[in-house]
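**Student:** Fit chain X to the supplied structure of chain Y, relying on the hints for placement.
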Amino acid sequence: QSVLIQPPSASATPGQRVTISCSGSSSNIATNYVYWYQQVPGTAPKLLIYRNNERPSGVPGRFSGSKSGTSASLAISGLRSEDEADYYCAAWDDTLDVLLFGGGTTLTAL
Amino acid sequence: DVQLVESGGELVQSGGSLRLSCAASGFSLHNYWMNWVRQAPGKGLEWVATIKQDGSDKYYADSVRGRFTISRDYAKNSLYLQMSRLRAEDTGVYYCARDDSTGAFDYWGQGTLVTVSS
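Chains as they are written, first to last, in this note's numbering: chain Y, 1 to 110; chain X, 1001 to 1118.
Just chain Y, same shape as in the assembly:
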């Protein structure tokens, strides 16, 4: 089981807003940046959010990240069918001295 906990699945109808949570601890999320990656099955992961809430150029503004204490969230507003993918949070852990990935959340557009 991953140290960063994500719900295994999430769903919403196109056009709706959906959030994916990532729960960690004082040694990772609380004290380090959180990153989010999107992976369409069969392809390489893609950086979606860096430094908690920054978007790389080319990532649509409907993707946003936030962090509070030992938890972080990825929000997607105006869900589109092409957003169907697996989403992973990541953060460095100061105690374990390793980079952690969450277990991943499979997002479905109903």
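In short, the hints are calculated from the structure, not lab data. Misleading hints may appear alongside valid ones.
Unchecked claim - Derived DSS-like pairs: lysine-lysine, alpha-carbon spacing no greater than 25 Å straight-line:
#1 X:Lys-1058 - Y:Lys-46
#2 X:Lys-1052 - X:Lys-1076
#3 X:Lys-1058 - X:Lys-1076
#4 X:Lys-1043 - Y:Lys-46
#5 Y:Lys-46 - X:Lys-1052
Just so we're clear, the structure is a prediction, and the values are computed from it rather than from any experiment.
**Tutor:** Chain X alone, transformed into the frame defined by chain Y:
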């Protein structure tokens, strides 16, 4: 354009060794931390190893420490992962990824498949 191309993945017996390569183009390895991340079939992402720009610092996941070695060749602008004492649980797609200096993995290769038969 930045590009990362992995190679070297193949079927290998348990206990065997393998070296993965990641050829970088469009940027110099001199300037970036580099990483290996793997994904077992049907599973999530798992960070494997990281190497600093100058190679002076290396970090490993507990699951591979002592068995895997990350390295780089500046002349070839390539990253490597030497894997030994392979186990069935090392099976998966191995990606190399560039750290953009903020801790974010901004470019990824297409991955190379390693299969360890028991």
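**Student:** With the threshold set at 25 Å, check whether the alpha-carbon distance from Lys-1058 (chain X) to Lys-46 (chain Y) stays at or below it.
**Tutor:** With a Cα-Cα distance of about 24 Å, the restraint between Lys-1058 (chain X) and Lys-46 (chain Y) holds, given a limit of 25 Å.
**Student:** Against the 25 Å threshold, does the CA-CA distance of Lys-1058 (chain X) and Lys-1076 (chain X) hold or violate the hint?
**Tutor:** Within the cut-off at roughly 19 Å; holds.
**Student:** So if I understand the rule, the pair passes when the alpha-carbon distance is 25 Å or less; does Lys-1052 (chain X) with Lys-1076 (chain X) pass?
**Tutor:** 17 Å, holds
**Student:** Straight-line Cα separation of Lys-1043 (chain X) and Lys-46 (chain Y) no greater than 25 Å?
**Tutor:** The hint holds at about 17 Å.
**Student:** Given the hint that Lys-46 (chain Y) pairs with Lys-1052 (chain X), test it: the Cα-Cα distance must not exceed 25 Å.
**Tutor:** Roughly 22 Å between the alpha carbons, so the hint for Lys-46 (chain Y) and Lys-1052 (chain X) holds.
Every hint, counting from the list given before, is met by this structure.
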